[in-house]
Amino acid sequence: MHDFLFYGLAGLLVLSSLLVVILPNLLHGAISLIGSFFVTAALYILLQMEFVALAQIMVYIGGIVVFILIIILLTTRLGEESLAPGPGQKVWGLAISGALGGLIFYLVIDSIQPENVAMQADEEAGGLEQIGLRLLDTTSDGFIVPFEIVSVLLFISLVGAVVIARKDK
Amino acid sequence: MTLQNCLILTLFLFAIGVYGVLTRRHLIGILLSIEIILNAANINFIAFARFTTADPTAGAIFPVFVMAVSACEMAVALAIIISMYRHRKNLDVRELEALHG
Amino acid sequence: MADLFLSYSYLVLLWPFLAFLIIGLWLGRYNRRAAGLLSVLFSGLSMVCGIGITYGYYRRVLARPHLFPDKTLLVNQFDWLNISPDLTVRMGIYLDPISVMMIVVITVIGFLVQIYSLGYMEGDEGFGRFFALLSFFAFSMLGLVVATNIFQMYVFWELVGVSSYVLISFWYHKPAAVTAGKKAFIITRFADAFFLLGIIMVGYFIGNFDFQDLNAPETAAILNKMFMVKGIGVNLLALSCLLIFAGGWGKSAMFPLHIWLPDAMEGPTPVSAIIHSATMVVAGVFLTARMFPLFAASALTLTIVQLVGAFTTLFAAVIALTQHDIKRILAYSTLSQLGYMMFSLGASQVVDNPTTAGINPLGYSASMFHIFTHAFYKCLLFLGAGAIIHTIHTNDIGRMGGLRKAMPKTYWSMLAACLAISGIFPFAGFWSKDEILLGAWQSGHYLTFGVGLLSSGITALYMFRLFFMVFHGQTTFGRQLKTEDPLMSFSIVILAIPTVVAGYFSKEIFSAYFSSPMVWAADKQLLPGHPLWLPVCANLLAVTGIIIAWYLYGRGDLSHVRLLTRRRGIGYQLVVNKLYIDELYLFVTHKIIFSYIAAPIKWFDRHIVDGAVNMVGRFLHICGTGIRLAQNGQLTVYLGATAIGIILLYVLGRLPI
Amino acid sequence: MDGSTLLTSIWLLPFLTGMLIVPVGRANHQLIKKISLTGSGFNLVLIIWLTLLFAARVSLAETGVDTRYTVLYFTLNVPWFSMLNIAYNIGVDGISVLMLLLTGIVIFCGVLASWELKEQAKEFFILLNVLVGGVYGVFVSFDLFTLFLFYEVAVLPMYLLIGIWGTGDKEYSAMKLTLMLVAGSALIFAGILAMYYESGIASFDILKLSRIRFPESLQVWGFPALFIGFGLLGGLFPFHTWSPDGHASAPTAVSMLHAGVLMKLGGYGCLRVAMYLMPEGAQMWVEFFLVLVTINIVYGAFGAIRQTDLKYITAYSSVSHCGLVLFGLLAMTYVGLKGAVLQMVSHGLMTALFFALIGMIYSRTRTRQIHEMGGLMKVMPFLSVAFVIAGLTGLGLPGLSGFVAEATIFIGSFANANPINRICTVLAVLSIVISAVYIIRSANFAINGPLNEKFNALSDATLVEKLPIAILVFLICGMGILPGWIINLVNSAIEPIVNNVTR
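Residue numbers (the numbering used here), protein chains in the order written: chain A, 1 to 169; chain B, 170 to 270; chain C, 271 to 927; chain D, 928 to 1430.
Simulated from the structure, these hints should not be mistaken for laboratory data. Please note that a few of the clues may not be correct.
[Said to hold, decoys possible] The calculated lysine-lysine pairs, modelled on DSSO-like cross-linking and capped at a C-alpha distance of 30 Å, are: (1) K872/C - K861/C; (2) K961/D - K1135/D; (3) K777/C - K341/C; (4) K872/C - K1045/D; (5) K1049/D - K1097/D; (6) K1381/D - K1097/D; (7) K1045/D - K1393/D; (8) K1045/D - K1097/D; (9) K1393/D - K1049/D; (10) K961/D - K444/C; (11) K961/D - K1045/D; (12) K1135/D - K444/C; (13) K1305/D - K1049/D; (14) K679/C - K777/C; (15) K258/B - K90/A; (16) K444/C - K1381/D; (17) K167/A - K258/B; (18) K777/C - K444/C.
[To be verified] Interface residues of chain C toward chain A, partial, derived using beta-carbon atoms under 10 Å: (19) L724; (20) G910; (21) I916; (22) I917.
Glycine is no exception: its CB is placed at the ideal position from the N, C-alpha and C atoms.
All chains should be built: construct the whole structure from the sequences, respecting the hints.
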């Protein structure tokens, strides 16, 4: 059952991601990205990481992609086709991404043997409580410092984005 | 559903993302492709957290950080895009070559 | 008193040098007249010193032959250039019969020419400059003749060359004068390069530059054995002698390096007079005489000296027959007379046969004797020519005529000089030329002797052609000519005295004292005496020449000449154009050196060598442009390159190196 | 002041002078020039003082000196980067003293000759002072690294000096000159580092290194690297092409300094570093370089024959004459080395005079083409006579400095019994005829002949201009007439070098 679900989700994921990069209309691509993120969230749930799945939906879909959509609508006239890649560019892109993918595939096959790893039964590991405790943990394996840094970073980029996007006088 | 399967899935996603980055001519299109790549990385984190004995919680925390950083990135990138669009009325990366040597 | 002059003998050089400095640096620009007078005064003082040295030298050396067997006295020596601990160049004053004779000739003639120049250069813009340079010229020439070593001689040799250059191109605004100066300088310089090479060679092998060492019998022996490069057999003795002689070859304008001399007539006439009579051109003969003991050891050298001299004698005499410029005729006559001096030195080598061998001292002393007599009458001829040119402002003898009445002093003096150069008894030229011919005859060089005899006939012909065309015939100058300048006439008339008597009175001196270098060379010889037919024959030839000249030119009727020149054969064309030697030189210098060596080198440098440098630059530029292409500002391309880079990194990491 | 302080102040003074100019207002040209002149004049006085001190010391130490090794006077050795054994190691021997003297004279005359400079005088004189400081530094340093440092300081300002104040195709010339010289520097630095590591004592000290016999495998490439590296600056064929363009484009004072002094750095480096430290390498390569240098001499002279620009003529003659410096060095004999040193001095004075004169003539006629001039003797007799004197020095007229040097070189080179040396000597001697041709030709075109009417109104040199000319002419004549004093200075320095070179 799990496997079946996994393969189905994986297929959907690949398909929707593919649509993101090849749809000529950006708006469609962005919408497809939403789909892709939803499928990712489902995959996380399948891997028993509910919190991450929730965060994925809230941050990515609710925040980022919507934001992107707004920008697309702001900046681009709908159905703009003139920015389609040329055939040469496609070939090059295909070749390079294929080569890179092939390289990683080779590495994956080469180094990760199936028998080395097994599915963990620990249900609690990725749970909300664990994550929360760990994030605010002040001991050496806690994540309090990165957590604070990220909050500062978020603040800075907020201010920075406002400054950059502000209309020049 | 094994680690290897997950990794192969993400490498497909990564390759798709790279392909998008290389072929998209619209700046936002490139951003979208980057999101796919980041997403692939996140899935990898989760997969490793789930399938190895190390520290699954840490594996779960990392995507959260990635999301935060990518949100920052998006905010700044989109601000730049808006400002650029305002100045040049164009977001074709081929036209954006002020850095050429 | 005598010793005083000897101890301060450097003063003979110092006076003209001081005159040069004072006039050149200061006086010449402020007061020209004073500059001229100062120069004359200083050259007079120099002359007094010169005569004093002669007196002192006679009292100290010649009167005491037992103390000075080689009649040589070195005074005022000092170290000049310390080349290495073993090799030091000294400067000093070398007194022996020939240098003392040269001192007298140079100072006396220099003094007279300076007096003459006061008149001749009157009103010239460069009056002060002229006297400064003339003084410098005298200084360098005196330095040359008193040189104690060959290096010192080379130093002053070059100074003579450069001062002749500036004097010949004295009127620097005249292109012809400038070109003539350039020609004189470069041709003598060309010869001097070989001279310098010879000096370096001799200096290296002997380890010394002093004439006394170079002329010592051992030197010839040392050089005769050595070879320059193993395998390539070069007789160093002949080689170094010939290299040194090359300097004299150029300076004395022997064929084929003679072409600068006629052109040097573009300078002011007093300069021509001093260059031709006493100074520059006889330097070559002087050098040969100075190195004579060494040269005498090399039969090849003396043979070449003789052949070159004899050929130049005849060649120049024939060319002089056809020239029309009065100064050029005199220039070719100088060449011819220099040829006499030169072949006389060469012909002192006695033809080897069972009874005679070695060196005939007569050839040497006759050559020196001829330098002495020639100096006076040739100077007189030039000064006379200058006076004529000064009066009628043309050099072309075809446009002269009938000047006998207008310039009586010049006329009579020139007559004496023409008789002297033709070798008519008892004028000065007769005695020296007679000895030269006798020397050649005694030594057994009958061909050279014949050339000399024939040339003396031709000499009489061309000199009297000049004489008759200038002074006789119709007067072409209707208007009243200005009278002769007293200063100029003074020098001319004074010079007429030695022209007449110098030969007879100094004959004994020369035969008595001027054979010293041959002490070691001439031990077995049995030479014939002085046959009476020789001078008679020479005089008859000369008189015949004069009669022919009179017949052709002296009667005011040039129809015979026209008849002769109308049938212009190839020979005549050749002679009038001086055998086309100037054209040959032009061809060599312009066509070959300029066009086929210098121009290609210029091209090579600009295009190949420089081109190579530019090519390197261009290559780097192309590389840069190529790399710049990659930096095209395209985000996509950068990312693609990054991806390729990652792949390549991995591949490189896995390569089995 | 003791000797080593004197040495330090000699190279420091130009830098101080340069710094002193910095606060002066840009428009205050007069003050800037006066500061420069005072600085260089004072420095010249210091150098003359040093020379006298040195002469006194040498004559005291005349006897009993060990001639196997170079003896330095006024030494000071302070490590300034002790980790790598780099020291501020200064001192002088006769050659250095002579070179310092030459530099002092040339820069003094150079400042006077650029008295009329108008544009950006401040920067010009600052750079000029920096350059000269570098040159002095090279001549007093006996630590390879410090020497190299000063060498670079001396070479690099040239780029700006030519590129900004030059004439004609100045950017090209400046770029070419700088790039070629920097390429030479790279070779030199490679050689220096190789010696540093191979010596086994990890030292840059020239005197210490001179006692070490480097392995042949190092010398076989080290010597040509160093010789070409320094020879580049000395105009070695076929790396001389920066010289004609560079000299032609450079402003007067820079040409004077460059041809007069900087090209001597090349010869000095070849002598002091390449040949002194790698004698076996020199023996291996001597014939090859001898042929190159002979080509230099003959080729430079032929190159000058067809040029029509006075500066190009002089630049090619510099190539020929600097070839003679290297030629004297490669003779590998005592006399040849001495001749090379003399030729450095002689050529420095002569070429400085030449370029000063050309600058002054150019500032009047506004042309350097000899065909466009003519008859200048009439309107500017002083400059013309000086020009003729400079030319006569160039063709080696006795009584002027050139002859003493050239004759010594020829004698020294002929003394080497190697047949190639002999043949090359013959060729080099014959090249003096070619020198005569191009010098007399340019003098005849430019100075003699009928006066071009355009130039009727031109004036002769002013007093400020006459001064440097008079100094240089006086020294040229002085060296030519009484060469003894210079020879006495260098005698003691040459012997140890020869002993080392022929060890």
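Original post:
For the pair supplied as a hint, K872/C and K861/C, is the alpha-carbon distance within the 30 Å limit?
Top reply: 15 Å, holds
Subject >> Holds or violated: K777/C to K444/C, with C-alpha atoms at most 30 Å apart >> reply: 44 Å, violated
Original post:
Straight-line Cα separation of K961/D and K444/C no greater than 30 Å?
Top reply: 44 Å, violated
**OP:** Decide if the proposed pair is consistent with the structure: K1381/D and K1097/D, CA atoms, cutoff 30 Å inclusive.
**Re:** Distance of about 27 Å is within 30 Å: holds.
Subject >> Restraint status (C-alpha distance of K961/D to K1045/D at most 30 Å) >> reply: 14 Å, holds
Original post:
Does the CB of I917/C sit less than 10 Å away from some CB of chain A?
Top reply: 5 Å, holds
Original post:
Do the alpha carbons of K167/A and K258/B lie within 30 Å of each other, as the hint requires?
Top reply: Judged against 30 Å, a Cα distance of about 14 Å means the pair holds.
**OP:** Verify the proposed pairing of K777/C with K341/C, using a straight-line Cα cut of 30 Å.
**Re:** Satisfied, since the Cα-Cα distance of roughly 18 Å is no more than 30 Å.
Original post:
Given the proposed pairing of K1135/D with K444/C, does the C-alpha separation stay at or below 30 Å?
Top reply: Roughly 63 Å separates the two Cα atoms, so the pair is violated.
Original post:
Does K1097/D lie within 30 Å of K1049/D when you go C-alpha to C-alpha?
Top reply: 20 Å, holds
Original post:
Has the given pair, K1393/D with K1049/D, been kept, meaning a C-alpha gap of at most 30 Å?
Top reply: The hint holds at about 24 Å.
**OP:** Starting from K679/C, check that the Cα of K777/C is at most 30 Å away, please.
**Re:** 27 Å, holds
In this structure, the hints that do not hold are numbers 2, 4, 10, 12, 13, 18 and 19, in rising order.
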